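Chains X and E are the protein sequences, given in the same order.
Going by this note's numbering, the first residue of the first sequence is number 8, and it counts up by one from there.
Going by this note's numbering, the first residue of the second sequence is number 8, and it counts up by one from there.
There's no promise every hint is true.
Repeated chains share a single entry, so a pair holds when one copy, or any two copies, can fit it.
Listed below are the simulated DMTMM-like cross-link pairs for lysine to aspartate or glutamate, each with C-alpha atoms no more than 20 Å apart in a straight line [what the hints assert, rightly or not]:
#, residue 1, residue 2
1, 255, 334
2, 312, 331
3, 129, 36
4, 66, 55
5, 107, 92
6, 129, 27
7, 246, 176
8, 107, 97
In case anyone wonders, no lab produced these hints; they're calculated from the structure.
As the structure is a computational prediction, the values presented were derived from the model and not from experiment.
There are 2 protein chains.
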Amino acid sequence: MAKAPVLTPRADDFPRWYQDLITKAELADNGPVRGTMVIRPYGYGLWERMQQDMDARIKETGTQNAYFPLLIPQSYLSREADHVEGFAPELAVVTHGGGKELEEPAVVRPTSEMIINASFSKWVQSYRDLPLLINQWGNVVRWELRPRLFLRTTEFLWQEGHTAHATYEEARDFAARIQHQVYADFMRNTLAMDVVLGRKTAKERFAGAINTLTLEGMMGDGKALQLGTSHELGQNFAKAFNTRFLSKEGEQELVWQTSWGSTTRMIGALVMMHGDDDGLRVPPRLAAVQAVVLAVKGDDTVLAKVREMGDRLKAVGVRVQVDDRTDLPFGRRVVDWELKGVPVRIEVGPRDLEDGTAMLARRIPGSKEPVAIDSLAGLLPAVLEDDQALLLRQSRERRESRTAEVSTVEEAVEAAASGGWARIPWAALGAEGEAELAEHAVTVRCLVAEDGSVPESEDAPGNVAVVARAY
Amino acid sequence: MAKAPVLTPRADDFPRWYQDLITKAELADNGPVRGTMVIRPYGYGLWERMQQDMDARIKETGTQNAYFPLLIPQSYLSREADHVEGFAPELAVVTHGGGKELEEPAVVRPTSEMIINASFSKWVQSYRDLPLLINQWGNVVRWELRPRLFLRTTEFLWQEGHTAHATYEEARDFAARIQHQVYADFMRNTLAMDVVLGRKTAKERFAGAINTLTLEGMMGDGKALQLGTSHELGQNFAKAFNTRFLSKEGEQELVWQTSWGSTTRMIGALVMMHGDDDGLRVPPRLAAVQAVVLAVKGDDTVLAKVREMGDRLKAVGVRVQVDDRTDLPFGRRVVDWELKGVPVRIEVGPRDLEDGTAMLARRIPGSKEPVAIDSLAGLLPAVLEDDQALLLRQSRERRESRTAEVSTVEEAVEAAASGGWARIPWAALGAEGEAELAEHAVTVRCLVAEDGSVPESEDAPGNVAVVARAY
Chain X
8 MAKAPVLTPR
18 ADDFPRWYQD
28 LITKAELADN
38 GPVRGTMVIR
48 PYGYGLWERM
58 QQDMDARIKE
68 TGTQNAYFPL
78 LIPQSYLSRE
88 ADHVEGFAPE
98 LAVVTHGGGK
108 ELEEPAVVRP
118 TSEMIINASF
128 SKWVQSYRDL
138 PLLINQWGNV
148 VRWELRPRLF
158 LRTTEFLWQE
168 GHTAHATYEE
178 ARDFAARIQH
188 QVYADFMRNT
198 LAMDVVLGRK
208 TAKERFAGAI
218 NTLTLEGMMG
228 DGKALQLGTS
238 HELGQNFAKA
248 FNTRFLSKEG
258 EQELVWQTSW
268 GSTTRMIGAL
278 VMMHGDDDGL
288 RVPPRLAAVQ
298 AVVLAVKGDD
308 TVLAKVREMG
318 DRLKAVGVRV
328 QVDDRTDLPF
338 GRRVVDWELK
348 GVPVRIEVGP
358 RDLEDGTAML
368 ARRIPGSKEP
378 VAIDSLAGLL
388 PAVLEDDQAL
398 LLRQSRERRE
408 SRTAEVSTVE
418 EAVEAAASGG
428 WARIPWAALG
438 AEGEAELAEH
448 AVTVRCLVAE
458 DGSVPESEDA
468 PGNVAVVARA
478 Y
Chain E
8 MAKAPVLTPR
18 ADDFPRWYQD
28 LITKAELADN
38 GPVRGTMVIR
48 PYGYGLWERM
58 QQDMDARIKE
68 TGTQNAYFPL
78 LIPQSYLSRE
88 ADHVEGFAPE
98 LAVVTHGGGK
108 ELEEPAVVRP
118 TSEMIINASF
128 SKWVQSYRDL
138 PLLINQWGNV
148 VRWELRPRLF
158 LRTTEFLWQE
168 GHTAHATYEE
178 ARDFAARIQH
188 QVYADFMRNT
198 LAMDVVLGRK
208 TAKERFAGAI
218 NTLTLEGMMG
228 DGKALQLGTS
238 HELGQNFAKA
248 FNTRFLSKEG
258 EQELVWQTSW
268 GSTTRMIGAL
278 VMMHGDDDGL
288 RVPPRLAAVQ
298 AVVLAVKGDD
308 TVLAKVREMG
318 DRLKAVGVRV
328 QVDDRTDLPF
338 GRRVVDWELK
348 GVPVRIEVGP
358 RDLEDGTAML
368 ARRIPGSKEP
378 VAIDSLAGLL
388 PAVLEDDQAL
398 LLRQSRERRE
408 SRTAEVSTVE
418 EAVEAAASGG
428 WARIPWAALG
438 AEGEAELAEH
448 AVTVRCLVAE
458 DGSVPESEDA
468 PGNVAVVARA
478 Y
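My request is simple: use the sequences and hints to build the entire structure.
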């Protein structure tokens, strides 16, 4: 007899499966103010691991962390025309502080270009102060009418980088370096996520940018999700804040800037890219707990053995947790570890011990087989790396098998409607075709060059548009 | 000829010295909304090191990190009478979101008791769910009329712990464990700060608590600064949110709670406790850069040598930075490293190299002497530990020498007015004396027992009140 499913199956109702998984794996809850979320310890643990890894990569580029105020004078927002137009509908506004109405309302930051540029214009005096490379970890608020946990929330956590450079080329190269070395590399190698790196069309650009680089991932239902973005801001914000430097040649020049961000949305992507009908599958390199050693029963010999095994696995560098909660039913604990997506379970019962074996259950391939206990410490590091590679391969294969090469808007719409992506020559689509797609809730996720690289311009010959429905 | 002072001397104008130091050491700037601050990379680096150290200590107690929303429905605040009364005058209120007036305004969290209890009341069902030990790193907003960078800012960064327990005793012991093992130990051993651990009087308690433990430090001008606090909340918030659990005996019972926090104010304390007329002095265990190796001149031999020395010091575990910016005047670089308080400077010039020596300048004792280059790697770890110990000793000696034992309110006021603390028997002072002190802007910082431990109650015989002016 088949057991009752713990989650709504993905094939029945993907959005409900997503919500079920987030609740049952204890990743997050809704907060009381519409669109806000409570990130529970298990979900926050994923974010902490992401932060550590990304923070090290960001620092390797020479970028330093700093912190800028949450509250921004409302008037600042209007200094850059495109920026205010982009963000005005999403703002949360503080009108009262300390029991009084404020002379000037303050907005809760939806992003920090404006407040950071107010500092940059003071800090940058000479070419010696450049490049100025700053990152901030924090929270932002964008009022969300159709919230969904992790994907679109009124408040979310992120890192936002902001840099100023002496030349256009330096700024352009730095934005690309972040997109490749920090974001794409992290998502592929740590999160085991297949992502397509491309440039946004003019319509899809960040408000105030002259170019936006993006990473797009295909979720389990074939929709796209935008992950990290990196923007060339040109001199738009420098003009708005008069951020100038004295060049080597003795001229006062405007700086060239970038900004780039990645958010708690990556947790939602992790769920929708790697999750299955039993729950989450956490990539081993990300997992705070890579292997759990479970005592099947509360037998003294078993308990002693699982603790000893835990120590041995720790000694070879595996992040391990011992589950000796034998007052809880074994089956319930297994379901919980499957929901939480811990890559490896090692189950130890009295009968296994007699044989010197344990059951090795691998969450990612979904395999289960007895192995000699003494071989585990030697085996596990390679098992975890194999599973890491398998996750990435599965996500790449999904994208490849569900991406259609098309040549008309109609075909592109059809591909998107049937749960996939389409690739169409940008020359055949153009801004007009892009507008037609929008009528069917299909968007150009990004443009890529013929050889798969990032196009140097929107109009470079051979550009291909990757189009899809998106979260 | 004496060089012109870089900072206003402390003896001339302590508050101005503080502001000068923060600006010139590039710790922080004022933000555009009154009372907000920009934490610059060097200041934020201190915070990151504090966070890492504290986070590890917090996790050692079994506490897990999580994240709760910034925005709290205004009605939540009024559920606990003392709490709302304490925080109402400091609230920032969001009245508009997404272009519309909100049906119910939201407050920007001044602290998260209310929003966290809304979750706790859902998460806690049975005694098996207890203790529930949660910590959050984040920002809070308390409208500040007389702001001062790091000490009182409208927005600040902090960690706030929130726990729920089955019994009064467990909650009381956990609050004490945090205060001793996490806060006091961190401040003494990592920050090299002498702190007095005691309990607050009823008047000075956290809004909604039944007991508040505090750590008080004496600043360079003899005033007190409250550092970490840990609160026993009793069942006040459990009642407000009906947070109950099914006990082992099958009864529905209210949980017992604690909350505890420490903030970016610790950076201000670091400045005012360890700073001198040349700038900050960073305790070696905290310092991201413990030693800087300076090339006096841009001579090839010198440059090669300082890089080699940097590598050798790194190899013995010293956090070292090489300063080879020989296009900047040497004297200016020295002043900058002194301002920033890097514990050790090793200055290498062409003449030193001929002798095989370098100049070892120790910021904390203020000494400077030539040493054999080959001895440095062996010497430095012990030098740094000595300087760490010296800082703690200096701060303890300051407190001891500037604390008077008194027996009347008049003497206590006089001691505080002349830049020091006073100790007075609580039996001689009492709530009435406390009110008298307040007229002179003097407060009871905490009560300590006769033997220096934390009193079990406010009225325990032999309690001594530590009184002072405070930031």
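A quick look at each hint next to the structure:
For a Cα distance limit of 20 Å, the shortest separation of residue 255 from residue 334 across copies, 14 Å, qualifies, whereas the shortest one inside one copy, 72 Å, does not. Only within a single protomer do residue 312 and residue 331 lie at most 20 Å apart by alpha-carbon distance; the minimum there is 11 Å, versus 56 Å between protomers. In this assembly of identical chains, residue 129 and residue 36 lie within 20 Å of each other by CA distance solely across copies; the values are 10 Å between and 41 Å within a copy. Within a single copy, residue 66 and residue 55 get their C-alpha atoms as close as 16 Å, and across copies as close as 13 Å, so both meet the 20 Å cut-off.
Within a single copy, residue 107 and residue 92 get their C-alpha atoms only as close as 29 Å, which misses the 20 Å cut-off; across copies the closest is 16 Å, which meets it. Only between protomers do residue 129 and residue 27 lie at most 20 Å apart by alpha-carbon distance; the minimum there is 17 Å, versus 49 Å within a single protomer. Only within a single protomer do residue 246 and residue 176 lie at most 20 Å apart by alpha-carbon distance; the minimum there is 18 Å, versus 61 Å between protomers. Within a single copy, residue 107 and residue 97 get their C-alpha atoms only as close as 24 Å, which misses the 20 Å cut-off; across copies the closest is 10 Å, which meets it.
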